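> Using the sequences and the hints, build the whole thing.
Its first residue numbered 11, the sequence shown is counted upward by one per residue in my numbering.
I should point out that these hints are in silico values taken from the structure, not numbers from a laboratory. Since we're looking at a predicted model, the values are computed, not measured. For every residue, glycine included, the Cβ atom is placed at its ideal position computed from N, Cα and C. Errors might be hidden in some of the hints.
For lysine-lysine, the following DSSO-like pairs were computed, each having C-alpha atoms within a straight-line distance of at most 30 Å [as the list claims (entries may be wrong)]:
id, residue 1, residue 2
1, Lys164, Lys270
2, Lys226, Lys203
3, Lys151, Lys164
4, Lys222, Lys290
5, Lys169, Lys203
6, Lys169, Lys69
7, Lys258, Lys290
8, Lys151, Lys209
9, Lys209, Lys169
10, Lys190, Lys166
11, Lys164, Lys196
Computed Cβ-Cβ distance ranges for the label pairs, DEER-style [to be verified]:
id, residue 1, residue 2, range
12, Asn243, Asp77, 18 to 28 Å
13, Gly153, Val119, 12 to 22 Å
14, Ser186, Asn87, 40 to 50 Å
15, Leu76, Gly179, 42 to 52 Å
16, Asp95, Gly179, 29 to 39 Å
17, Lys222, Gln60, 38 to 48 Å
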Amino acid sequence: MQNQQKLTHVENLNNIFSKNSNQQVDKHYLANDENPQQFAIRSSNDIRLQEALNKMQQKQIRQLYLDIGPIYDIDENYETRNFQDGSCYFGQLMNDQKSGTGIMVWSDVGNILDGFWVNNELNGFCRMIYSNEDIFQCNFKFGKANGFGLFQNKVKVVKGLWTNNVLNGEGQEIRSDGQKYYGQFKDGQKNGKGIIFYKDGCKYEGEISRNKINGKGILVWNDSSYYEGEFRNGIINGSGVYVSGNGKSLSGYFEEISNKDRIQRIQCINNNGSENLIEKIRQL
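In structure tokens:
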């Protein structure tokens, strides 16, 4: 086993999460040339690191960390500091302050943080492994996440730009069930304009508010029919146009009346006053 080639940080993450999810960590991001040192081949066998990790009560988190490995090379000058709250720092120090690369272990809580510090404050690329096995990694400035980051758990992978610990601006959310979102975020929620690819092959493109489709947009079903018009609180509701796969169209007021048993039912009151019921097969 000692002669076996060690896995890179990226390969370790992919192998671990592929057991529970169809999604993989984005290799382009993890191999970003702007941060080359944190993705080199690492060793988790440093005795001092083992001593810090052995204080953790959550064995599965300790093992997850060992499987992934540290993001920075462990320096021979790393020192250990234990704090009154039960946490432990293992890393570089200057004037008895965290300065440089290091690892924080909260043994009672179950979190492990790899980071780069300047005068006890996070400044640089950091990664947190939480007690529930969620992983967040991002560039930090003045102690807060500021820059391109990635959050991953067993359900989804979220990538985008963080500002003062909050996801804001362009980003994407890839879920393990196959649903994908590409678009804008505000205050950590999908908000603005975006595209949703549903797991059943349907697609929505348009306005989104607080994680729900809301405003003007277009929903294309997997039979090539589509509705273009108004949405409210996640459903079709308002004025619009429906065009079937064979090109026939309806204009008027549309209201989604149910979406269960794999059938999406939409009522249309035509411009001439007649009512029509549209039924679409869904696999949400």
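> Determine for every hint whether it applies to the structure shown.
Hint-by-hint comparison with the structure:
1. Taken as a hint, the Lys164 and Lys270 pair is honoured in the structure, with Cα atoms around 26 Å apart against an allowance of 30 Å.
2. A hinted pair counts as satisfied when its Cα atoms are at most 30 Å apart, and Lys226 with Lys203 qualifies at roughly 10 Å.
3. For the suggested pair Lys151 and Lys164, the alpha carbons sit about 28 Å apart, so the restraint of at most 30 Å is met.
4. Between Lys222 and Lys290 the alpha-carbon distance is near 20 Å, which keeps this suggested pair within the 30 Å criterion.
5. For the hint pairing Lys169 with Lys203, the CA-to-CA distance comes to about 16 Å; that is within 30 Å, so the pair holds.
6. For the given pair, Lys169 sits about 28 Å from Lys69 by alpha-carbon distance, which is consistent with the 30 Å threshold.
7. A distance of roughly 15 Å separates the Cα atoms of Lys258 and Lys290; the hinted pair therefore holds under the 30 Å criterion.
8. As the CA atoms of Lys151 and Lys209 are separated by approximately 37 Å, the hinted pair breaks the 30 Å bound.
9. Between Lys209 and Lys169 the alpha-carbon distance is near 19 Å, which keeps this suggested pair within the 30 Å criterion.
10. Distance check on the hinted pair: Lys190 and Lys166 sit about 9 Å apart at the alpha-carbon level, within 30 Å; holds.
11. A hinted pair counts as satisfied when its Cα atoms are at most 30 Å apart, and Lys164 with Lys196 qualifies at roughly 23 Å.
12. Here the CB-CB span from Asn243 to Asp77 is close to 42 Å, at odds with the stated 18 to 28 Å.
13. Distance hint check: the CB atoms of Gly153 and Val119 are about 18 Å apart, consistent with the given range 12 to 22 Å.
14. A hinted range of 40 to 50 Å for the beta carbons of Ser186 and Asn87 is consistent with their spacing of about 41 Å.
15. At roughly 34 Å, the beta-carbon separation of Leu76 and Gly179 lies outside the given 42 to 52 Å, and the hint is violated.
16. The hinted range of 29 to 39 Å is satisfied by Asp95 and Gly179, whose Cβ atoms lie roughly 34 Å apart.
17. Between Lys222 and Gln60 the C-beta distance comes to about 47 Å, which sits within the given range of 38 to 48 Å.
Checked against the numbered hints given earlier, this structure breaks hints 8, 12, 15; the rest are met.
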